[in-house]
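A.B. asks: Listed below are the residues making up each chain.
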Amino acid sequence: MRGITLGYFVQRLGIFFLTIWIAATVIWIIPHIAPGDPISAMVSRMTSQGGFVENADVIIAGWKERFGLNASLPVQYLHYLGNIVHMDFGYSMASFPTPVSSIIGMALPWTVGLLLIAITITFLVGNFLGAIMVWRQTPRLFKILIPIGMTFTALPAILAAIFLMYIFAFLLTWFPLIHSYGDGMVPGFNMPFIISVIQHGTLPALSIVIVSFGYWALGMRGMMITVEGEDYMQLARAKGLRPFYLLYRYMVRNAILPQITAFAITLGTLISGQVLVESVFAYQGMGTVIYTAILNEDFPVIQGTSFILILMTALAVFLIDLLYPLIDPRISYGRKL
Amino acid sequence: MAVTAQDGVVVPSVKPVRTPKKMGRFNRWDTPWFNYKLIGGLIIIALILLLGFLGRIFWNPKLALTGSSPQDLPPVGLTTSLGNVGTWEHPLGTEDSGRDMLALLIIGAPNSFLVGVIAATIGMSVGIFLGFSAGFIGGAWDNVIRLLSDVTITIPALLVLIVIQSLLRGVEVTTMALLISLFAWPSPTRLIRSQVLTMRESGYIQMAKLSGTSTFSIMFREILPNLIPYLFASFIGNATGAILAAVGLETLGLGPQRIPTLGGTIYYAINASALLSNMWWWWGFPTLLLALMFIGLLLINLGFDEIANPRLRRSAQ
Amino acid sequence: MTNADIHSDAHAPILKVRNLCVYYETPKGDVLAVDGIDFDLYEGETLGLVGESGSGKSTAAMGILQLVVQPGRIAAGEVILEDRNLIGLSENELRNIRWIKLALIPQGAMNSLNPTMTVGAQIKDVIVAHEGRQLRGDLKARILEMLSTVGLPGRVYELYPHELSGGMKQRVCIAMAIALNPRVIIADESTSALDVVVQRVVAQTLLKVKQMLGVSMIMIGHDMGLMAQMADRVAVMYAGKIVEIAPVAELFADPKHPYSQILIESVPSLQERKPLKIMEGITHDPRNPPPGCIFQLRCPFVMGQCRVDPPPMRASKTGHLVACHLYEVSEDGELVNVRVAARDT
Chain R
1 MRGITLGYFV QRLGIFFLTI WIAATVIWII PHIAPGDPIS AMVSRMTSQG GFVENADVII
61 AGWKERFGLN ASLPVQYLHY LGNIVHMDFG YSMASFPTPV SSIIGMALPW TVGLLLIAIT
121 ITFLVGNFLG AIMVWRQTPR LFKILIPIGM TFTALPAILA AIFLMYIFAF LLTWFPLIHS
181 YGDGMVPGFN MPFIISVIQH GTLPALSIVI VSFGYWALGM RGMMITVEGE DYMQLARAKG
241 LRPFYLLYRY MVRNAILPQI TAFAITLGTL ISGQVLVESV FAYQGMGTVI YTAILNEDFP
301 VIQGTSFILI LMTALAVFLI DLLYPLIDPR ISYGRKL
Chain Y
1 MAVTAQDGVV VPSVKPVRTP KKMGRFNRWD TPWFNYKLIG GLIIIALILL LGFLGRIFWN
61 PKLALTGSSP QDLPPVGLTT SLGNVGTWEH PLGTEDSGRD MLALLIIGAP NSFLVGVIAA
121 TIGMSVGIFL GFSAGFIGGA WDNVIRLLSD VTITIPALLV LIVIQSLLRG VEVTTMALLI
181 SLFAWPSPTR LIRSQVLTMR ESGYIQMAKL SGTSTFSIMF REILPNLIPY LFASFIGNAT
241 GAILAAVGLE TLGLGPQRIP TLGGTIYYAI NASALLSNMW WWWGFPTLLL ALMFIGLLLI
301 NLGFDEIANP RLRRSAQ
Chain H
1 MTNADIHSDA HAPILKVRNL CVYYETPKGD VLAVDGIDFD LYEGETLGLV GESGSGKSTA
61 AMGILQLVVQ PGRIAAGEVI LEDRNLIGLS ENELRNIRWI KLALIPQGAM NSLNPTMTVG
121 AQIKDVIVAH EGRQLRGDLK ARILEMLSTV GLPGRVYELY PHELSGGMKQ RVCIAMAIAL
181 NPRVIIADES TSALDVVVQR VVAQTLLKVK QMLGVSMIMI GHDMGLMAQM ADRVAVMYAG
241 KIVEIAPVAE LFADPKHPYS QILIESVPSL QERKPLKIME GITHDPRNPP PGCIFQLRCP
301 FVMGQCRVDP PPMRASKTGH LVACHLYEVS EDGELVNVRV AARDT
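Protein chains in written order, with the working numbering: chain R, 1 to 337; chain Y, 1 to 317; chain H, 1 to 345.
Because the hints were derived from the structure by calculation, they are not lab data. Remember, it's a predicted structure, so these values are computed and weren't measured experimentally. It is possible that some hints are incorrect.
Unchecked claim - Interface residues of chain Y toward chain R, partial, derived using beta-carbon atoms under 10 Å: (1) 158; (2) 160; (3) 164; (4) 167; (5) 168; (6) 169; (7) 240; (8) 245; (9) 254; (10) 263; (11) 270; (12) 271; (13) 287; (14) 294; (15) 298; (16) 302.
Said to hold, decoys possible - Straight-line distance between alpha carbons at most 30 Å, and here's what the computed DSS-like set of lysine-lysine pairs gives: (17) H:140 - H:101; (18) H:28 - R:143; (19) Y:37 - H:28; (20) H:208 - H:140; (21) H:208 - H:16; (22) H:16 - H:317; (23) H:208 - H:101; (24) R:143 - Y:37; (25) H:16 - H:101.
Backbone N, C-alpha and C fix where the C-beta goes; we use that ideal spot for every residue, glycine too.
Put together the whole structure using the sequences plus the hints.
C.D. replies: So, in structure tokens, the structure goes:
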């Protein structure tokens, strides 16, 4: 059997929903097993910091009503699940009455954009480097890049972010220090804005790319070496095919599948790393939202953003799972893997 | 060209050149444990741990307390634009609440390791148990474990930990380690499970079963010893991941509050805009130390990988 | 193909191998996998290349095909295909010869096909690589015809290698090899990995193809019975050297080299009842062959001269060549066993 069967699709979809459900449940349960009424506790903490005293009663009352906190626990749970499905995460405490979903809505595109760019560059650069390592004519310069890249993979992205920020934004001022676009600029599809976005996004993206590409390069190189020793490579060479076609259709296409598998597993780490990088650069994505929310003890925002990010990750893994049969026809999904 | 002479004798032409024999590269020192990466990594980590343990003896740890030292001093030999001069009493400088950088490093470094070790130990123990049982018992139990580990690996640990710890203000190191270990078990579980599945079908296990050895005995006497290199590599990998998670949490301000941590120091530095005021020593030294730590751990990890998987060993080809 | 034809000028050699040496570099010295082999392949004939494991026959094939990779290298020799020496040609120049003139049916078709490409795509890409872009419909029709020539149903075109049986995969390889109508095909152990029933089918396919196209073939294998059916002449290899070349019937009836005698005798007979002779393998270190004859350590007839001089290849006028000090060429061009002759005088 080849290709995606209905059974496989349903199975992967089931895992996706299971993951989401477990994550949502865990996120919901935590404040409810913490002692005391979570909302009042939070508000009283804020109050003690001299915060939003005026809104305290309004918040507590509105919250309790909105989320039926006076109802029993199971009912609250179901209520919560229902809200999640509608992407309703309540209101931000720090900027009441802004709904959490709108805060997420403004920040999410930045995070997704940065993520996609960083992942694409990392994957392309890393795998490309790994692939050309096998070519005898590759200049020595490239060959050094892999050990250097591997050393960098030891570092978490946030450390790279700090270094890059200090050297290139502060000392050398080649790039802006913080934010995702120039202050005072109006977002729109015009050149000055786009250029500003690119300028602001370079260092954050670079932080992620630097600490990730080495892993892919090494893995790809290993796979290419394995593939090169396979029997079908001998026949392919005997056929007198063009070198680039050979490299791509016979080597890369066969080496890339384990790389994609590995990618799905590391996606969670990648997203976590990006959250931290964004917070360092005050990049106006989910990372900064979380950072600010922690500072303000704005729990609903923390809840909502975490959930959305987990949702994104699970969705990405689901889509990648669907990709396998298209790349490697040997994988049969008629039965359980 | 060969010559076919009249008498039917075919004579070969010039004899080809043979590569001269090289010295054998295999000698007594070639045991796999003498891995450069492993040794290098161990040295780095040992040095850092030494800093942590000996530091407490030779340097005053109380200097890590707020207000114990003059504020905003640069490292020795430098002068800031505000006229602060570094002294030998605080060779790595101080930060804006009067804490000595060297003392912060001395106290912070072992804490990071502690988190890593605790979380990795718990994770490995759970992993060994679950992995073995899943591999051996199979069936529904195996399916459940596999499903759970898949789900847990997909969920980014940091995000859930943020949710948890933003509620529990003021965690202890051990608490944080315990929470992190909630996410540390899937990797070893999968590793051990797949190894058990592979080995279960191998010849010597079948022999053991045939000779009536108990399952328990098989697990511990036959399979476990062969897994030791993998377990070591996995442990280091887990510890690294745990320290990474801990640093991540600390950098967001969610780490232990009552004791200095490396990540926490960075957090305070960023919050006080140390980057902009060019107090580079404040965030710089913890960052450097962390970088060294991670590089050391990576080297050890790679070293163990090469020991466990001989195919990765390359003798400078 | 009679003995006389072999020496007739009407059939010139299409492939000439002279002193081909393929060595493998190891830390303890070079392994002399192929150490100076000479032979001619005549147009339209099938030359069998036999020998035990480790004799160097597959390496010789790689040497001819210019597919030797590190740590191996072609240390010396010439491979002349249609008056052109393949050794020393650049990859670009070789590409104009590969598959168009010289094709390979590989060993172990299990893994010889790209797992991520359909059969049709794999045959298509070699055609397109050498003939340029084609009309889609014409190309598919052409490939389907090739598939039916080897006895495969048209639906194989859409299938992936893992969906085919071993015999089917091997036949796909045969179809692919004839796609560009090459002059020479090297079949490297094409039936070795198959069971007997499938072997027969594949062997018959090969025969059919040979007859249809008149292609010259080098058949590498260790199945003497198969060689008896498929080959016109057979070359026997031992430890990197060719020890005997003869027309197939002559080789079976009258093997001259002591090693060939052991080989022929090891084929179980359906007629006679005799004890099975079990051979040992190659006994010397391939990095350090003994001076003199390569077979001296196992030869039941070894003489003093064998330990000192490597025996030259001697040819009878009927095209029987042997490299052994036991034989000399008489005045009328026959190979004479000197020991027997000495005994009889």
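A.B. asks: Against this structure, judge whether each hint is valid.
C.D. replies: Hint-by-hint comparison with the structure:
1. 158: Interface hint status for residue 158 of chain Y: holds (4 Å vs cutoff 10 Å).
2. 160: Nearest chain R Cβ about 6 Å off; hint holds.
3. 164: 5 Å, holds
4. 167: Result: holds, 5 Å to nearest chain R Cβ.
5. 168: 7 Å, holds
6. 169: 8 Å, holds
7. 240: 8 Å, holds
8. 245: 8 Å, holds
9. 254: Hint on residue 254 of chain Y: holds, closest Cβ of chain R at ~6 Å, below 10 Å.
10. 263: It holds, given that the least Cβ distance between residue 263 of chain Y and chain R is near 9 Å, below 10 Å.
11. 270: Interface hint status for residue 270 of chain Y: holds (7 Å vs cutoff 10 Å).
12. 271: With a minimum Cβ separation of about 8 Å from chain R (threshold 10 Å), the hint on residue 271 of chain Y holds.
13. 287: 5 Å, holds
14. 294: 4 Å, holds
15. 298: Holds, because the Cβ-Cβ distance from residue 298 of chain Y to chain R comes to roughly 4 Å (cut-off 10 Å).
16. 302: Hint holds; residue 302 of chain Y Cβ to chain R Cβ min 8 Å, cut 10 Å.
17. H:140 - H:101: Holds. Residue 140 of chain H to residue 101 of chain H sits at ~22 Å (cutoff 30 Å).
18. H:28 - R:143: 28 Å, holds
19. Y:37 - H:28: 27 Å, holds
20. H:208 - H:140: 22 Å, holds
21. H:208 - H:16: 25 Å, holds
22. H:16 - H:317: Given pair residue 16 of chain H, residue 317 of chain H holds - Cα atoms ~19 Å apart, limit 30 Å.
23. H:208 - H:101: The given pair, whose Cα atoms are some 19 Å apart, holds under the 30 Å limit.
24. R:143 - Y:37: Since the Cα atoms of residue 143 of chain R and residue 37 of chain Y sit roughly 19 Å apart, the hinted pair holds (cutoff 30 Å).
25. H:16 - H:101: With a Cα-Cα distance of about 14 Å, the restraint between residue 16 of chain H and residue 101 of chain H holds, given a limit of 30 Å.
The earlier numbered hints are all upheld by this structure, with none contradicted.
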